[in-house]
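Colleague: We have chain A already, so just place chain B on it with the hints.
Which chain is which? The protein sequence lines are A and B, in order. Residue numbers for the first sequence follow the working numbering, beginning at 1 and rising by one. Residue numbers for the second sequence follow the working numbering, beginning at 1001 and rising by one.
Keep in mind that a hint or two might mislead.
[Unchecked claim] With a straight-line Cα cutoff of 30 Å, these simulated BS3-like cross-link-like pairs (lysine-lysine) come out:
(1) B:K1194 with A:K94
(2) B:K1061 with A:K58
(3) A:K26 with A:K199
(4) A:K94 with B:K1142
(5) A:K96 with B:K1205
(6) A:K94 with A:K58
(7) B:K1061 with A:K103
(8) B:K1147 with B:K1194
(9) A:K15 with A:K202
(10) A:K27 with A:K155
(11) A:K94 with B:K1061
(12) B:K1096 with A:K94
(13) A:K106 with B:K1061
(14) B:K1201 with B:K1132
(15) B:K1132 with A:K96
(16) A:K106 with A:K96
(17) B:K1096 with A:K15
[To be verified] A few chain B residues that don't get close to chain A, going by computed Cβ distances all over 12 Å:
(18) L1050
(19) S1075
(20) L1085
(21) A1110
(22) K1142
(23) P1154
(24) D1158
[As the list claims (entries may be wrong)] Cβ-to-Cβ under 7 Å is the rule here; a few derived chain B residues that face chain A:
(25) L1060
(26) N1066
(27) V1108
(28) A1109
(29) S1113
(30) P1115
(31) F1117
These aren't lab readings, by the way, just hints derived from the structure by calculation. Glycine residues also receive a C-beta, built at the ideal position from the N, C-alpha and C atoms.
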Amino acid sequence: MGVTCVCQLPLAEGKSVQQTIDLLHKKLEQLGAVKQGSFTVDCETYHATGNASGQPTKLLYVMHNSETPLSCIALFEGGPCLTADGNFDVLMIKLKSHFQNAKGHKVESRGSRYRYCDFLIKVGAVTMSSSARGISVEVEYCPCVVPGDCWNLMKEFMQSFLGPSIPELPSVFSSKPEGLYAPVDCVDTMTQYLEMFSKVRKQQVLPGTTR
Amino acid sequence: MEAPPVSVMPVTGGTINMMEYLLQGSVLDQALESLLHRLRGLCDNMEPELFADHELVYLLKGQQGNPFLLRARRSLSHPTAPWHLRYLGQPEVGDKSRHALVRNCVDVAASHSLPDFLNEMGFRMDHEFVAKGHIFRRGALKVVVSKLSRVLVPGNTDNTEPLSLSSLVELSVLAPAGQDTMSEEMRSFAEQLKPLVHLEKIDPKRHM
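With the rest of the complex left out, here is chain A:
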C-alpha cells in the first residue's frame, strides 16, 4: 500500500456520469495507462438501536474494498476504526437487535482499475440504492508511504488527466502530526472514501441518471 488520494470528480459539462467516466478512461489510455481489471468499494450503514441513556445514536459504517477482499473495515465517523476479517459481517447479522442495517443507505463505487507505471488509478461510478450519484477517483502512488514526500508528484500526475479540478492534500494526512501513512492496512483510504460517500449521500440525485 502506498499513498492514496480519493476525490469526487464533478461531471463534465452537459455529460452524464457514464459519459464523463468514458472521457476519463480515454484520457488515461492516451497517457499510456493500462486497464487491469475492476474494483469495488462499498459502505453499509448501521444505526445503534435503543441505547438506554438517550444519547444521540452513533452511526457505524462497515466497508469493503476489493483491493483487500478478505478484510472488512468498521468505523465510526471521526472515531476508532477496526480492521477485521470477513466474518465481521456475520457478526453484524447476529447483532441486528442492537445495530440495524440501513439498507437504503448502502453506497458503493464500482469501476475500472488502471495502472500507469507506479500509479494505480481507480475511476468509479458512485451509486446509492441503484441511482448514480457521482464519480470517484482514487490515485495511489505505490512506492512511497510518506505523503509529504510524494504529494507534489501525485498532484502533477493528477493534473495530467483531471485538469484543474485536483484535490487538496487529504485531511487524513494533514491531520496527522507527522503525516506518516499507516501502510499495514487501507484505513486511510477507506476513511477518505467514507468522507466522500457522506458528501454524496447528502447531495441531490442527479437528474436522468437512474440506472
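Modeller: Chain B only, in chain A's frame:
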C-alpha cells in the same frame, strides 16, 4: 507492485453457519501431567502447542432481553498477532441423545483497536482472565487444557492468581450445522481419556 496472487485464498466461511460442538471437564493439578502424557499419545502433534491468552468478556446491554456477549482474546506470547473476537450463541436444545453441546459460533480476527472499538459500540468489559495451557489436535478435534487465572489489577496480566487447583479441559470441533456424527466421534475420544478426565456436555446456563 503486482496484484496479490489469488492462489492463496483462505477458507471464506463467512456465510456458512458454523457450529461449535463442545465437551468440558476438569483435571486436578496433580493429575495434569498424566493427562498431558495421555493426550500426547492420542493426538496428532507429538508436542502440543503452548499458549498464554488474555480474555476479556464484553457485554452490550439493550433496553430489553439478555445482554449480548462477546469474547475478545489476545495472545500474551505473540503480542503482534491479531485479536480474536468470538460470538457464541445459545446452546441448541434439540436432541437430548446428542452427546455434545452444540452452539452457533462466529470467529473474527481483528486489529488491535478492538477494545476501543467495542467500547465505542457500547460494549462494556464485564470480566477478564488469563488462560495458559496446551492445545492438542486430532483431525478436526481440538483439545485445550488450560489453567485459568484471575486478573487482580484490571488490565495487568502480570499480576494474576490461579482460579482453582485444577485445569479446564475442553474438547471441541467446529463444523457446519447438522453434522451430528461429530458428537459421536467426540464421545468415543472422550471415552479414551477416562478416568483421567470426565468430559461432559455442560450447559453454561445452569452455572450462571
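Colleague: None of the hints should be skipped; say for each whether it holds.
Modeller: A quick look at each hint next to the structure:
1. B:K1194 with A:K94: Since the Cα atoms of K1194 (chain B) and K94 (chain A) sit roughly 37 Å apart, the hinted pair is violated (cutoff 30 Å).
2. B:K1061 with A:K58: Roughly 16 Å between the alpha carbons, so the hint for K1061 (chain B) and K58 (chain A) holds.
3. A:K26 with A:K199: Given pair K26 (chain A), K199 (chain A) holds - Cα atoms ~27 Å apart, limit 30 Å.
4. A:K94 with B:K1142: holds (25 Å)
5. A:K96 with B:K1205: holds (23 Å)
6. A:K94 with A:K58: holds (19 Å)
7. B:K1061 with A:K103: holds (24 Å)
8. B:K1147 with B:K1194: The given pair, whose Cα atoms are some 20 Å apart, holds under the 30 Å limit.
9. A:K15 with A:K202: Given pair K15 (chain A), K202 (chain A) holds - Cα atoms ~21 Å apart, limit 30 Å.
10. A:K27 with A:K155: holds (16 Å)
11. A:K94 with B:K1061: holds (14 Å)
12. B:K1096 with A:K94: Holds, at about 26 Å.
13. A:K106 with B:K1061: holds (27 Å)
14. B:K1201 with B:K1132: holds (23 Å)
15. B:K1132 with A:K96: Status violated; Cα separation ~34 Å.
16. A:K106 with A:K96: Holds, because 16 Å separates the two Cα atoms, which is no more than 30 Å.
17. B:K1096 with A:K15: Roughly 67 Å separates the two Cα atoms, so the pair is violated.
18. L1050: L1050 (chain B) is indeed farther than 12 Å from all Cβ atoms of chain A, at 25 Å.
19. S1075: holds (16 Å)
20. L1085: violated (7 Å)
21. A1110: The assertion about A1110 (chain B) is violated, with a minimum of 4 Å to chain A.
22. K1142: holds (18 Å)
23. P1154: holds (20 Å)
24. D1158: It holds; D1158 (chain B) is separated from chain A by about 26 Å at its closest Cβ, greater than 12 Å.
25. L1060: At 6 Å from the nearest chain A Cβ, L1060 (chain B) passes the 7 Å test, so the hint holds.
26. N1066: N1066 (chain B) check fails; min Cβ-Cβ to chain A is 10 Å, beyond 7 Å.
27. V1108: Holds. Min distance 4 Å.
28. A1109: holds (5 Å)
29. S1113: Hint on S1113 (chain B): holds, closest Cβ of chain A at ~5 Å, below 7 Å.
30. P1115: Check failed: Cβ of P1115 (chain B) comes no nearer than 9 Å to chain A, outside 7 Å.
31. F1117: holds (4 Å)
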